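Protein chains in written order, with the working numbering: chain A, 1 to 874; chain B, 875 to 1748.
Since the hints were made in silico from the structure, they are not lab data.
Any given hint might turn out to be false.
Stated by the list, open to error - Pairs of lysine to aspartate or glutamate, EDC-like flavour, derived with a Cα cap of 16 Å: (1) A:Lys754 - B:Glu1679; (2) A:Lys656 - B:Glu1531; (3) A:Lys791 - B:Glu1549; (4) B:Lys1657 - A:Glu805; (5) B:Lys1530 - A:Asp779; (6) A:Lys656 - B:Glu1549; (7) B:Lys1585 - A:Glu232; (8) A:Lys192 - A:Glu206; (9) A:Lys711 - B:Glu1661; (10) A:Lys711 - B:Glu1669; (11) B:Lys1585 - A:Glu795; (12) A:Lys186 - A:Glu151; (13) A:Lys754 - B:Glu1678; (14) B:Lys1687 - A:Glu805; (15) B:Lys1628 - A:Glu804; (16) A:Lys783 - B:Glu1531; (17) B:Lys1665 - A:Asp718; (18) B:Lys1585 - A:Glu787; (19) A:Lys791 - B:Asp1592; (20) A:Lys783 - B:Glu1527; (21) A:Lys783 - B:Glu1528; (22) A:Lys813 - B:Glu1679.
In this text the structure is predicted, and so the values were computed from the model without any measurement.
There are 2 protein chains.
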Amino acid sequence: MQKKFVYLFKEGSADMKNLLGGKGANLSQMTSLGLPVPQGFTVTTEACNKYYVDGEKLTPEVEKQIFVALKKIESETGKVFGDAKNPLLVSVRSGSRASMPGMMDTILNLGLNDKVVEGLATLTGNVRFAYDSYRRFIQMFADVVMGIKRELFEDEMDKIKVAKGVTKDTDLNDLDLKNLVIKFKKIYAKHKGEEFPEQPNVQLIEAVKAVFRSWNNERAIAYRRMNDIPAEWGTAVNIQSMVFGNMGDESGTGVAFTRNPATGEKALFGEYLMNAQGEDVVAGIRTPNPIIELEKQNPAVFKEFVDICDKLEDFYKDMQDMEFTIENGKLYMLQTRNGKRTATAALKIAIDLVSEGKISKKEALMKIEPRSLDSLLHPTFKQDALKKAKVLSHGLAASPGAGCGIISISPKQAMKCAERKIQTILVRTETSPEDIEGMAAATGVLTATGGMTSHAAVVARGMGIACVAGCEGLKIDEKNKVVTINNKSFKEGDYISIDGTLGNVYGEKIETEEASISGDFATIMAWVDEYTKLKVRANADTAKDARRAIQLGAVGIGLCRTEHMFFEKDRIKAIREMIVATNLEEREKALGKLLPMQKGDFYKLFKELNGKPCTIRYIDPPLHEFLPTAEKDIAEIAKDLGKTTAELKHVIEELKEFNPMMGFRGCRLAIVIPELARMQTRAMLGAALDCKKEGTPVCPELMVPLIGDVKELQYIKDIIHATAKELMEEVGMQVDYTVGTMIEIPRAAITADKIAKEADFFSFGTNDLTQMTYGFSRDDAAKFLKEYYFKRIFESDPFVRVDEEGVGYLMRKAVSLGRGAKPTLKCGICGEHGGDPASVKFAHKIGLNYVSCSPYRVPIARLAAAQAVISESM
Amino acid sequence: MQKKFVYLFKEGSADMKNLLGGKGANLSQMTSLGLPVPQGFTVTTEACNKYYVDGEKLTPEVEKQIFVALKKIESETGKVFGDAKNPLLVSVRSGSRASMPGMMDTILNLGLNDKVVEGLATLTGNVRFAYDSYRRFIQMFADVVMGIKRELFEDEMDKIKVAKGVTKDTDLNDLDLKNLVIKFKKIYAKHKGEEFPEQPNVQLIEAVKAVFRSWNNERAIAYRRMNDIPAEWGTAVNIQSMVFGNMGDESGTGVAFTRNPATGEKALFGEYLMNAQGEDVVAGIRTPNPIIELEKQNPAVFKEFVDICDKLEDFYKDMQDMEFTIENGKLYMLQTRNGKRTATAALKIAIDLVSEGKISKKEALMKIEPRSLDSLLHPTFKQDALKKAKVLSHGLAASPGAGCGIISISPKQAMKCAERKIQTILVRTETSPEDIEGMAAATGVLTATGGMTSHAAVVARGMGIACVAGCEGLKIDEKNKVVTINNKSFKEGDYISIDGTLGNVYGEKIETEEASISGDFATIMAWVDEYTKLKVRANADTAKDARRAIQLGAVGIGLCRTEHMFFEKDRIKAIREMIVATNLEEREKALGKLLPMQKGDFYKLFKELNGKPCTIRYIDPPLHEFLPTAEKDIAEIAKDLGKTTAELKHVIEELKEFNPMMGFRGCRLAIVIPELARMQTRAMLGAALDCKKEGTPVCPELMVPLIGDVKELQYIKDIIHATAKELMEEVGMQVDYTVGTMIEIPRAAITADKIAKEADFFSFGTNDLTQMTYGFSRDDAAKFLKEYYFKRIFESDPFVRVDEEGVGYLMRKAVSLGRGAKPTLKCGICGEHGGDPASVKFAHKIGLNYVSCSPYRVPIARLAAAQAVISESM
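Use the sequences and the hints to build the structure in full.
What follows is the structure in C-alpha cells.
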C-alpha cells in the first residue's frame, strides 16, 4: 500500500501535529469539533522530508495524492478548480510542528487565471473584487513562489496611482486593475523568462514546492536554531478553499485571542475589518476595529464567535489565537493555535487556568516557556514614558533590561555618580577589565564597538545590568568629554536611556520600573519548588550578586570567580607586582597585599550566604590578561611597578601565547606558582574562620579549575590541605571545607574515576569542555558557524545548548566513572549552559545534583528543572 | 612476617632486576656464577618506594634489616665496620631497573673516620693511601650526600699545591693529606652547620637516603622522561665491601667490554690503570693502558678475566660492560651489565650473536633500541676530518645529521647553489614558510633564534636535513652579506659545517659521508619484515621525500600535506589572490592558477609511488598563515595583488584569531570555501587519471582533516564525489579512490560510529588530538610542562609519546566504534607519534593497520612494530 502523504481536514485531529503540522492538525480538530472551517487538506511533514530525500523533487505519487484530495474538496464545495463558471480558489500555507511565525508568507486566491477571473467577476457581480484578487495573487505567487521582488510590482502600482493623482489602492477602478494585471504578468515573464502559469494545477504544485523550499531559507534556519527546532521535523502544507472577507460590507476578516496576550486578562482581545482580506488587517492602511465592536455590528456572528472561543479554549485548555473570516454574513474559522503571550500574561493565564479548574499545576508549569521569564527579571521602561520617547540609535541587545541615567564617560565618573546615588549610564568605545568597578556602579553600559561576546556584553550580563553594544553612530571625544550619537551631542551629565532587550538607544530620560518578583511570579516559583529535584545555584562574584541570586531562589553559589575581584584598582596593581616579581620574596610580598582584600570579599560573601554553600574557584585566566597592551599604558604601569619599560615589555612578551585558551591558565598557574594557591586558600578559609568565630555558619567549597590529570589535583590539594592545617593551627579553630574540581578538559572526563578519588565534587565547565571537545574556540568559531547553520551542518549553537552527543557523552562518562569511584560525589554545571532550559533538562536527565547560572537566569533554570521532572511523569 | 627490604648478593639473581635494580641483580648473578665479587647486599627498589610513601623517611624496620645484612658481611669478610684494627669499608651505589648513567655518583671508602683511618694506615702500612682514601671519602660524602659544592674542596687542594709549588695530586705527601682532611672537615662543618659524622652507621644511613633522594633530582627526572622510565620503578642501593686498586703496584682497576662498543667487532675492549681507584681512570690525570696490555703485565689475572668475560657473555647472551679491581694481585669483579653501544655496533653484535648461535633472530631484534637507528640514517662527518676540526659555537640539536657547505644567507642563493650542485648551508636569523624552497636546496640549516619546535627545526626534521637552531653568538648582516659566529666573520661562499645531532657549529669544511642503508642495516630490516604486522608509511609532501621514504621501507604515503606546496613562490601569490578575492569569480580565477601546479605535484608523487597508496590531505592551516605580517611586506604584497594596503590589512584583520589552533582551519575551510575542495579534488584525481592513462597504477586516498561532526564530512564528501564524477565524465575514464578522515578532535572519536559510515579510513592526527584532549597547545605548553616534569606531575612528553590513558582511550574508542559500524575500516596514525617506538607499539596493541611518520623514522617504526609482535610471543 502506498504511504499516505495527504490528509483531508476531516481525517485528522489535534494530536497529529507531528504529521500535519500545528496549523493542519488544528484545522482538522476544528473540523471534527463541528466548527465552520472552509474545507481543505494537508500535505504532510513526511512529504516534506521525502521532497528533500528525493533531491528537492515532488514525486508523481505525492502529486497524485494532492489531486485526489483536491477532487474531494471540489465535490464537497461544489466548486471546480480552474473552472471559470464556478471556480474553486484555494489558499496555500505552511505549517510546521512548532509555530514558526513569518517563515513563509501565505498565498491566497490560488487557482485564478485569465479565464477564471472573468468567471469570478460574473459570479460575484464584482469586477473590481475579481481583478483585485487576481493582481494580488500574481504578485504573491511571483514573490513567494518564484522569488521575484515584490517592490517591482509595488512600483508599478505606485506609477498608476501617480498617473491618476490618487493615493489609496481603493481609488483604483476596474480598468486600472485590469491594466495592472497585464503589467504584472509582463514583469513576471521578464524576470522569470517564461509566462505566468495559467494552469491552476501547475500553480498549486509550484506553491507546494515553494513551501517545502522555504523550510530551509535563512530566516527559517535561524529561527529553528534560536528555538531548538530540529531540521528533520519538516513543514506541512495546508491547502484550503478560499472564503472571501472582501466580498462586500457583509464580509470581513479578523484576528482574536481568547485572553489578553499582553496582560493575561480573561477577556476577548483582537480586531477585525469589514470588506477586507487578511493582509489588509496587517497592512495598516485601514484601521481595524476592536473585536468587541463586532457585537454591535453583527450580534449573531459575534455570539457564534464567542461560543467558538469558549469551545476552543475548553478543548485546548489554553489561550487561543484565532483567525476568522466572514463571507456574506457567514462566519468561517481559518486557524486556531495556542497564542503567543508575554511572560506576564503567561504566568497569569497559567494561574487562572488552574483556578478555573481547567488544568493542573503540573500542566500550568509546562505551559510557561522558561526563557520568557528573563524579561520579567530586569527593569523596564514605564509604558507611558516610553510611548513619548524617540529611538536615537540602535546597537546589539547585549544584556537585557532598561537603563536610564546621566552619561559617564569614565568609570571613575560612574563611581562618583554611584556614591551620590545618581543613576548613570557608562558610555565607552569599548570596555576593558579595568572598567569593572565603573560598570558595577552604572545602571547600564553603552559601547561603540564590540559584539555579543565583547567584554562589556559578557560582564553586563553577569551583573544583570542593561547593555547595548556596538551602537551605530556613537563617537566619544574623551578629551572634551563629549558624546555624539548619530550627530546629536551630549555632555557628561546629560540623560540618555538604553534598552538592552531591544538594542535601542534614546537621547532622553525615560523612567524605569524595577521588576517585581512577587505576585504571579512568586506563585509560579512556589509551584516550581514542589517538583524540582535538581538544585539551582548562581554564579556570583560579589556579595551584591549573591544577594540578588538568593532573592531569585538560588540555593547557593556554584561559581565565584576570584579573578574578577583582581581587576579592581588597588588589586590590579598588586597582581601585576606578583606577575613581574623576579623572585619568591617579591612575589609573596605582592600576594601579601592581595590577601586581606580577597579575604574581605569572601567574608562579605559568606555573611550574605549565611551557611549556604559557596564554590570558590582558584584563579583561572592567563596572567597576560592582567597586563596592559597599549604602549602608553605600558610605560606608565612599568613606572608604577618600579620596573623599566623594557623589563615590563619582556614580561609581557614572555607571557604572550599562540593559543591563550590552551595555555598557561587554570590549575597550571597554581602548579607553577604555588604561592598563589596558598594565598587564595588563606583568604578563603581565613574569611570562613572569621565568620565562624562570629557565629555565622559557612560552607566553603574550594574548586580547582582546568584539571586534566589527577596528579595536578593531588599536587594542589596537598598545598590546600597543608595551608589549611597551618592556618587553623594559627587561629586555633577548625572549619569544614571541601575540595573539588572543574571537569572542563576532555581528559578529565575520561579519567574521572581517578580524579573522583581526590575530589569531593565535580563541576562541569561546559564552556571550555565544548571548546575542547569540538576543537574550536567560542570567539573564533562565531565567524564560520554562521556558514554551518546555513549549510545545515549545525542546527543549534553548542555554546548555548549542550551538545548531548559529544560533550554530553563526556559528561555522562565523567558522572558514571566518578560516582563509580565515589558514590557520594556531587556533580553540577557551572557555565552559561547552566541557564539554558534544554541544557538544564539534560543535566537533570544525567543525574547531576545542581546547575549554576547567572543570578538572573536562576528562575529560568528552576522552571526548566521542574519541567524536566514533570515531563517524566507525563 | 616483615617484608624483606634487604638482600645479600648471594640471595639474588639476574632475574630479580625489578627488585634489586640492574646492578644489584647482576652482582648477585655473578656471585651465584662463582665469580670473585666483593660481598655485600642490596636495599631494594621497594624500600625506595616506601621511603617516598613514608614522607622521605627511612623506617626503623628498613634500617634494622640493613644492619643485620651488614653483620653478615662482617662475618663473611672477617672485617668489622668501624673497627680501627680491621675495618670493613664499603661502597654505596645506586642501581635502578634500567641503566641510568650519571644519575648519582658513587660513594667509596664509606666507614672511614679519624680512628679507622689510622687503623687502615697501620694495616696496609701505607699512610698516604689511608689519608688519600679518607680525604676522597669526605669530599664525596659532602658533595653527593650533603650537597656541598665539590669546588670548595678542590679549591683547598689547589691552594696546597700552589703553596708547595707542585701540580699533581700524587706530589702531595702524607702530611699534606692529613692537613687536607682537617681542612675538608672544617669546610663540611661550616657549610653544614654540624660536624662531619664520625659514626660509620650514620654515614651509611645518610648515604642510603641520599641515593633514594637522587631518584628525584632534576637530572634523573629528565633522563627518565627521555627514556620512558616510570617514576614508580624506584632505585635500589648496593652496599659492597671495598677492595682497593690503589694499594700498590700489584693493585689496579679497569673497565672493559666483551666487544667493541663503537664498531661491534668481537674483541675485548677497554683500559686499566695500576695502583689506582675507579675515579682515577675517568679523571684523565693519568693515561690508562689498553686492556690487552694486562696480558703482558699479569698473564694469570688476564687469563682469569678473559674466562670471566666469556662466561658472562654466554650467560647474558649479550655484549658485557664490566668493572674490575685487582687488589694485591687478586681479581675482583665489581659490576657487569649489557654494554651501551653505537647503533652500528648494535646491529653488528645482534647479527654476530645470531650467527654464533647464541641467540635467535627474535632475540636479536629485541636487543636493538629502535630510536638508535636514527643516527644511522643521516650523513656523518668523516672521522679523520672531524678529529682535526674545532667547534666554533653551539646551538640546539634541532635535526640530526652532519651538514657541510658554503654559506647562503638567502633562500634564493641556496637555490642557486643547488642548481650548480654546490652544497650549501642556509644561515638565517630564523626561517619562515617562504624559505621552504631554499631549505630544500640546502644540506643544512643554521639559525640564530628559535627552539626545537621552531619552523626551521620542524621543517628540517621533516626534510631529513641537518639543522642547528638558536646558535649562540650568530649574527647576520643581510645588507653586507656577512655572517658573524662568535666574533669570527664569514662571507657568503665561505665554508661552514654543522652537526645537527650534537648541535655543534664549525667554521670550516669537514667532509661528510652518506648513511649506508645496506649491509647490517639491510639484514636487520629484512628480519624486521618477517615479524611486522603493522604497516609503516611515511609523511611526505614531494616526490623526492617519497623516494627516500620508499628506500627506507615505507609501503606508501600516510600523509601528504598539500599546503606545504602552497608556500612556493608562484603559488603563494595565487593562494593570496584566493584569500583576498571578494567574489566567487575572483576566487575561482585564483584557484584556477593553483590547479595545474598542484596537479603537477601529485602527478610526480603518483609516478614515484607507482601504485603504492597515497593519502592526500585537503588544505589544513588557517589562511592567515599565507598572509604577510611585517608592515613593509604588507604594502608590497598588496600592490602585487592589486589591492590597497588598507584592503589587505582589512583581510588580515578579519582572519586574525584569538586561538588559531581552534579557529578557521581544516575542513572548516572547505565548508566555507567549497571551491577550494573542488580545486584540490580536481588536482588529485586529475593527476591520478593522467597516470592511469599512461599505465602507471595509482591508489589515491583523499583525506579530510579536523572533522568533529559527521555532517561536516558528508558535506565535503558530496563535493568530492560530485567533482570526481564531473571530472571523470570530462576525461572519459574512471579511477578508483577512497575518502577518509582524520580523527583529531575528541568529538570525532566519540562519534566515530557515525563518522565511519561516511569514511573509508580513519587517520589519527595524534598531535591535535593530544592538544584538544589535554586542553593545551604544544607551543604554549612547552613553558609550563618543564615545571610539570620537575614536580613529577607528568613523566613523559605527551607530544612525543601517546598518552595511553587519555588520548589512547579516545583512539581505542574510535577504533571500536568505527569498526563496529564498518568492519573493513582502515585505521592509522599520521603525526609525529607515528615515529615514536612506544607509540608504535601502542598502535599495534589497539589494532591499527598502519602508522605514518617522517621518512627518516620509517626504519625506527618498522623495528618497533616488529618488537611489538615479538613481545607478544615471548
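Do the hints match the structure? See the list:
1. A:Lys754 - B:Glu1679: holds, 11 Å
2. A:Lys656 - B:Glu1531: Roughly 14 Å separates the two Cα atoms, so the pair holds.
3. A:Lys791 - B:Glu1549: Holds, because 15 Å separates the two Cα atoms, which is no more than 16 Å.
4. B:Lys1657 - A:Glu805: violated, 34 Å
5. B:Lys1530 - A:Asp779: holds, 11 Å
6. A:Lys656 - B:Glu1549: At roughly 35 Å apart (the allowed maximum being 16 Å), Glu1549 of chain B and Lys656 of chain A break the hint.
7. B:Lys1585 - A:Glu232: Holds, because 14 Å separates the two Cα atoms, which is no more than 16 Å.
8. A:Lys192 - A:Glu206: Measuring from Cα to Cα gives roughly 14 Å; hence the hint holds.
9. A:Lys711 - B:Glu1661: holds, 13 Å
10. A:Lys711 - B:Glu1669: With a Cα-Cα distance of about 11 Å, the restraint between Lys711 of chain A and Glu1669 of chain B holds, given a limit of 16 Å.
11. B:Lys1585 - A:Glu795: Roughly 11 Å between the alpha carbons, so the hint for Lys1585 of chain B and Glu795 of chain A holds.
12. A:Lys186 - A:Glu151: holds, 15 Å
13. A:Lys754 - B:Glu1678: holds, 15 Å
14. B:Lys1687 - A:Glu805: Holds, because 15 Å separates the two Cα atoms, which is no more than 16 Å.
15. B:Lys1628 - A:Glu804: Holds, at about 15 Å.
16. A:Lys783 - B:Glu1531: holds, 10 Å
17. B:Lys1665 - A:Asp718: Distance ~13 Å between Lys1665 of chain B and Asp718 of chain A Cα, so the pair holds.
18. B:Lys1585 - A:Glu787: holds, 13 Å
19. A:Lys791 - B:Asp1592: holds, 13 Å
20. A:Lys783 - B:Glu1527: holds, 13 Å
21. A:Lys783 - B:Glu1528: holds, 9 Å
22. A:Lys813 - B:Glu1679: Holds, at roughly 14 Å.
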